[in-house]
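Engineer: Listed here are the chains, written in short residue letters.
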Amino acid sequence: MVPISASVFFLRPLASLGRWGQWGGRQVQAVLRLGGAVLRNLPHAEPAAIWQQARDLGNRSMFFVVVVMAFVGAIMVVQASMQAQRIVGDLSIIGPGFMQLLVREFAPTIVALMIAARYGAGVAAALGAMQVTEQVDALRLCSAEPISYLVVPRVLGGLTSMPAIVVVGGAVAFVSGGLAGHFGFGIGWTSYFRTGFVVPSDVAIGFCKAAAFGVAVPLVSSWAGLSARGGARGVGQATTRAVIGSSVAVLFLDLVFGAAGYVAQRW
Amino acid sequence: MASANPHMVFSDVHIAFAGKSVHAGVSLQVQRGSVHFIMGQSGVGKSVLIKTLVGLVHPDRGSITFDGTEVVGLSEAAFFPIRRRCQMVFQQATLFGSLSVLDNVAMPIARHEQVSMAVARQRAAEVLESLHARHLGERLPATLGPGLRKQVAIARALALNPEALLYDEPTTGLDPIAARRTDRLIRETSIRLGVTSVVVSHDLQSLLSIGDWVSFLHAGQLHFDGPPAKFFAATDPVVRAFVQAGSSSVGHC
Numbered sequence: 001m002v003p004i005s006a007s008v009f010f011l012r013p014l015a016s017l018g019r020w021g022q023w024g025g026r027q028v029q030a031v032l033r034l035g036g037a038v039l040r041n042l043p044h045a046e047p048a049a050i051w052q053q054a055r056d057l058g059n060r061s062m063f064f065v066v067v068v069m070a071f072v073g074a075i076m077v078v079q080a081s082m083q084a085q086r087i088v089g090d091l092s093i094i095g096p097g098f099m100q101l102l103v104r105e106f107a108p109t110i111v112a113l114m115i116a117a118r119y120g121a122g123v124a125a126a127l128g129a130m131q132v133t134e135q136v137d138a139l140r141l142c143s144a145e146p147i148s149y150l151v152v153p154r155v156l157g158g159l160t161s162m163p164a165i166v167v168v169g170g171a172v173a174f175v176s177g178g179l180a181g182h183f184g185f186g187i188g189w190t191s192y193f194r195t196g197f198v199v200p201s202d203v204a205i206g207f208c209k210a211a212a213f214g215v216a217v218p219l220v221s222s223w224a225g226l227s228a229r230g231g232a233r234g235v236g237q238a239t240t241r242a243v244i245g246s247s248v249a250v251l252f253l254d255l256v257f258g259a260a261g262y263v264a265q266r267w
Numbered sequence: 001m002a003s004a005n006p007h008m009v010f011s012d013v014h015i016a017f018a019g020k021s022v023h024a025g026v027s028l029q030v031q032r033g034s035v036h037f038i039m040g041q042s043g044v045g046k047s048v049l050i051k052t053l054v055g056l057v058h059p060d061r062g063s064i065t066f067d068g069t070e071v072v073g074l075s076e077a078a079f080f081p082i083r084r085r086c087q088m089v090f091q092q093a094t095l096f097g098s099l100s101v102l103d104n105v106a107m108p109i110a111r112h113e114q115v116s117m118a119v120a121r122q123r124a125a126e127v128l129e130s131l132h133a134r135h136l137g138e139r140l141p142a143t144l145g146p147g148l149r150k151q152v153a154i155a156r157a158l159a160l161n162p163e164a165l166l167y168d169e170p171t172t173g174l175d176p177i178a179a180r181r182t183d184r185l186i187r188e189t190s191i192r193l194g195v196t197s198v199v200v201s202h203d204l205q206s207l208l209s210i211g212d213w214v215s216f217l218h219a220g221q222l223h224f225d226g227p228p229a230k231f232f233a234a235t236d237p238v239v240r241a242f243v244q245a246g247s248s249s250v251g252h253c
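Protein chains in written order, with my numbering: chain A, 1 to 267; chain B, 1 to 253.
Hints listed in this document are in silico derivations from the structure and should not be mistaken for laboratory results. Just so you know, even glycine gets a beta-carbon here, dropped at the ideal spot from N, CA and C. A hint or two may mislead.
Derived DEER-like restraints, expressed as beta-carbon distance ranges [claimed, not checked]: (1) R55/A - L140/B: 19 to 25 Å; (2) F193/A - L140/B: 46 to 52 Å; (3) P200/A - L140/B: 46 to 52 Å; (4) Q114/B - L11/A: 55 to 61 Å; (5) G36/A - E113/B: 28 to 34 Å; (6) G43/B - Y262/A: 54 to 60 Å; (7) V8/A - G246/B: 51 to 57 Å; (8) P200/A - E113/B: 49 to 55 Å; (9) R19/A - A142/B: 38 to 44 Å; (10) A78/B - P13/A: 45 to 51 Å; (11) L140/B - G24/A: 36 to 42 Å; (12) G19/B - A15/A: 20 to 26 Å; (13) W20/A - A142/B: 37 to 43 Å; (14) G145/B - G36/A: 38 to 44 Å.
Output of the computed footprint for chain B on chain A, the stretches with three or more beta carbons under 8 Å from beta carbons of chain B [as the list claims (entries may be wrong)]: (15) 127-136; (16) 143-156.
If we strip away everything but chain A, and leave its shape as in the complex, we get (with noise of 0.2 Å):
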């Protein structure tokens, strides 16, 4: 009797594992099947609807991204203060330290979270609702392609505007940061406001990290707006797939731009 319980104690939860690679195994085909309709339909961009779309993800967002991004610089400042005081006593290296963490790896991570959040949800649960009440068939109807119509604006809207509003959102942090430092621990602007880390490698992946997250969020969530099914139930489950779906593809992303940034440094 043993051995069958401990077979299925160990087998089942592999079982199970191996079903749910399976299905994100087909998640990620899908979304990559989006991802060349997209690539194909893009001659047939409409320059008004990217602007629309960029618009909808930079400046809609701009207020939610600075709030946010206000506290993130504060509090990190602080947290690594009160660390490097402890420690090593010095905190002429926060201003800098924080300066390359931010455009490398922090600003536009945080920044494309929050936007998947906030824009994503919303691409999904309207696509969703114009899937479930048959609006994405009336526009083929149309003749309107849905992917060139309602997908491409999307994804170019996100890859132009997404790299402007990480910009935003970092230099709020940085300067919320120097507030938080120079009160609270006296550093000096002078010692703070200083990029001497920065090279321009790290402003490269930042970018990049930027753009690609600028367009795996809107992506990642036309398609989970696109595959709801069955009425508002449908749309509120597009609605968490799309925000899951894009914050998994924002730190997926993250950790291969930051390996292949420390590969290439390296090589």
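Given chain A, put chain B in place with the hints provided.
Structural biologist: The following block gives chain B in isolation, referenced to the frame of chain A:
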């Protein structure tokens, strides 16, 4: 309806979703210029069947021809000319909420005929005028009642002067007055423009007042195919049960 030159022909159509069979060999013909009802219980696949004609659903097997052209296996791009000639009015009207009524009607003209929105709007205004709905042009769909939304959806479908119109439950969710107005609109469109109308419906009153022919689907098969008078007089237990269940809405069935 057997005819020498039918407008649409479904032959041995098989459709299954996730392994569950919806149609297991449906064959029927739709006569040119007729108002052809497709009836059956909910979930029998009536809407699915008409969506195959315009490539919104793809059958697993069988043949479907529109005006002699085989549509099974066509690519998305190859369906565009078919959709120009055969439009569809969806159950929930499916107007685009961010566009005015005029732009909703203009959109298929601009897209299909590759003309500017200004030209398309002019044509759309004429279509709305012909349906006595020009005054709705500047309104947003959300400000219209269900009957008017349906009227605008029909106007949008007519904007391209199609040869055929597919109506998915056109009177569902409408009050009796709006439902009968929609029936009259379908009939007038068929007579005035010679449009072939395929109407998916449960509404026996509609069938009685405007139907030329009825195909009744049951258990994935065509169960009855004939004129409405024969349908209402049928002794087949399945048809009889359907007619009797709906008789309260018709009154004298």
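Engineer: If a hint holds in the structure, say so; if it does not, say that too.
Structural biologist: Here is how each hint holds up against the structure:
1. R55/A - L140/B: 19 to 25 Å: holds, 21 Å
2. F193/A - L140/B: 46 to 52 Å: holds, 50 Å
3. P200/A - L140/B: 46 to 52 Å: Holds: the Cβ-Cβ distance is about 51 Å, inside 46 to 52 Å.
4. Q114/B - L11/A: 55 to 61 Å: Given about 60 Å between the Cβ atoms, the range holds.
5. G36/A - E113/B: 28 to 34 Å: Once the Cβ atoms are compared, 29 Å apart, the range 28 to 34 Å for E113/B and G36/A holds.
6. G43/B - Y262/A: 54 to 60 Å: With a Cβ separation near 56 Å, G43/B and Y262/A satisfy 54 to 60 Å, so the hint holds.
7. V8/A - G246/B: 51 to 57 Å: holds, 54 Å
8. P200/A - E113/B: 49 to 55 Å: Because 51 Å falls inside the window, the suggested range holds.
9. R19/A - A142/B: 38 to 44 Å: For A142/B against R19/A, whose Cβ atoms are near 43 Å apart, the range 38 to 44 Å holds.
10. A78/B - P13/A: 45 to 51 Å: At roughly 48 Å between Cβ atoms, P13/A and A78/B fall inside 45 to 51 Å, so the hint holds.
11. L140/B - G24/A: 36 to 42 Å: holds, 41 Å
12. G19/B - A15/A: 20 to 26 Å: holds, 22 Å
13. W20/A - A142/B: 37 to 43 Å: holds, 41 Å
14. G145/B - G36/A: 38 to 44 Å: For G36/A against G145/B, whose Cβ atoms are near 42 Å apart, the range 38 to 44 Å holds.
15. 127-136: Three-residue rule met by the region 127-136 of chain A, so holds; n is 3.
16. 143-156: Holds: 3 residues of the region 143-156 of chain A have a Cβ under 8 Å from chain B.
Against the hints set out earlier in the document, no violation occurs for any number.
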